[in-house]
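Chains as they are written, first to last, in the working numbering: chain V, 16 to 383; chain E, 82 to 171.
In case anyone wonders, no lab produced these hints; they're calculated from the structure. Be careful, since some hints might not be right.
Unchecked claim - In the EDC-like style, the derived pairs of lysine to aspartate or glutamate whose C-alpha atoms are separated by at most 16 Å in a straight line are:
1. Lys-168(V) x Asp-260(V)
2. Lys-246(V) x Glu-140(E)
3. Lys-54(V) x Asp-99(V)
4. Lys-248(V) x Glu-140(E)
5. Lys-366(V) x Glu-317(V)
6. Lys-110(V) x Asp-124(V)
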Amino acid sequence: MERDTRPAVVVGAGPAGLCAAIELKRAGAPVLLMDENAKPGGQLFKQIHKFFGSQEHRAGVRGIEIGKDLLRESLDLGIDVRLDTEVVGLDPNLKVWAVEGRRRSYTLDASRVILATGATENAVPFPGWTLPGVMTAGCAQTLINVHRVLPGKRILMVGSGNVGVIVAYQLIQAGAEVAAVIEAAPALGGYGVHTAKVRRAGVPMLVRTTIVRAEGNEGVERAVISEVDGKFKPLAGTERTLDVDTICLAVGLTPSIELASLAGCRTFFVPELGGHMPLHDEFMRSSVPAVYVVGDIAGVEEASTAMEEGRLAGIHAAFSMGYLDSGEMERRTADTRRRLRALRQGVFGAKRFTAKERILAEKEKECP
Amino acid sequence: MDREENYICRCEEVTEEEIRAAIRGGARSVQEIKRWTRSGMGICQGRTCRRLVERILAEELGLSPGEAEPSSFRPPVRPVSLDSMDGSKE
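My request is simple: use the sequences and hints to build the entire structure.
Written out as structure tokens, the structure is:
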């Protein structure tokens with residue numbers, strides 16, 4: 016088979032994109048890795064907590080260490096990493112439009128495109144949410160763990176999923192006080208280990224509770240919270256006021272599908288994985304065969320699954336470009352697929368596994 | 082600011098009331114709401130308000146969140162300065 020010498024372009028240098036680029040390069044395929052940030056690693060360098068899973072999934076290792084290892088590997092392999100480079104357009108013929116340093120705009124023709132664009136944090140609107148001091152939990156995490164700036168002294172965390180409880184705990188570690196973690200659902204949403212740490216720190220965890228409004232003049236001075244009924248509507252007479260200067264929103268993530276959509280990838284709605292996302296097959300190929308989707312864009316999960324998906328796509332793309340034969344592709348992806356299956360077990364994992372199966376089935380049905 | 086005013090699109094300062102009014106006036110997709118109210122046309126290009134508008138649309142039309150027509154996208158998906166576009170090709 017003749018080898019395709021046009022580069023595979025990987026968009027996003029987080030855990031999924033880095034792993035995809037590493038596998039492509041290892042197979043000898045030409046690859047360009049682009050990321051809008053000044054540093055690669057995506058969210059990994061904000062993850063100062065230890066990961067879960069088994070030994071082979073690097074359980075007990077902090078996200079930041081995993082990021083450093085991936086970076087070292089990509090540097091050792093000599094991958095062409097273009098930082099400060101935003102991919103702002105993509106068409107179905109795989110013409111990539113990139114803007115470097117916000118100054119230089121160019122296009123290039125890719126042989127394959129691997130979209131590892133991640134997810135965007137959701138917002139929840141309430142009167143006063145435009146006041147300074149209201150931010151997403153990821154924003155607060157960037158401030159403390161990357162820029163080392165405390166966003167405020169007394170914080171209300173809205174949302175008790177993993178992002179909410181992990182960031183709440185890291186805010187406490189960084190020196191802030193967390194006034195409460197509130198959750199609209201009847202049960203807390205995060206992993207027990209993370210939730211327990213926040214609880215042990217004495218933070219009230221209030222379920223069936225929502226934020227009604229933020230008050231203040233120049234910035235947030237108070238948050239008014241209220242209990243909710245079964246339809247998440249505030250219950251009259253249950254309002255109370257917390258004195259806080261910061262409100263963090265940890266209310267889920269939405270796959271960043273803009274580029275996939277421009278390339279013509281068909282999407283599917285999977286609420287438990289974050290909303291609309293591109294359909295993909297077991298090798299992470301979208302409905303546009305030369306476009307792969309990996310990591311949170313293909314359904315919001317975790318860094319560990321994102322890395323395995325990146326590997327799968329990288330190996331398969333290298334195969335489809337003629338750099339690996341089918342036996343080698345099968346051999347290299349077998350372990351990855353086994354690890355991916357292992358990561359989707361347990362109470363939380365099984366739910367994600369079932370959702371992923373639905374995406375594969377829909378892909379098979381809609382565009383076999 | 083009116084204490085009870087609830088902004089949905091922060092970039093273009095479009096309130097929840099204005100979005101609901103557009104739907105009640107006949108808008109049936111995020112696209113149409115956007116053209117009607119300018120929500121999602123600001124600097125973030127709907128990255129914050131897209132989901133919120135989709136939810137309000139589904140709510141007003143009595144649809145489940147997956148049933149409302151999803152947003153569409155066009156390049157550039159990030160704000161780009163005109164000076165960066167001198168047509169150079171790599």
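Open item on the list: Which constraints among the numbered hints does this structure fail? Numbers only, ascending.
Closed with: Violated hints: none; all satisfied.
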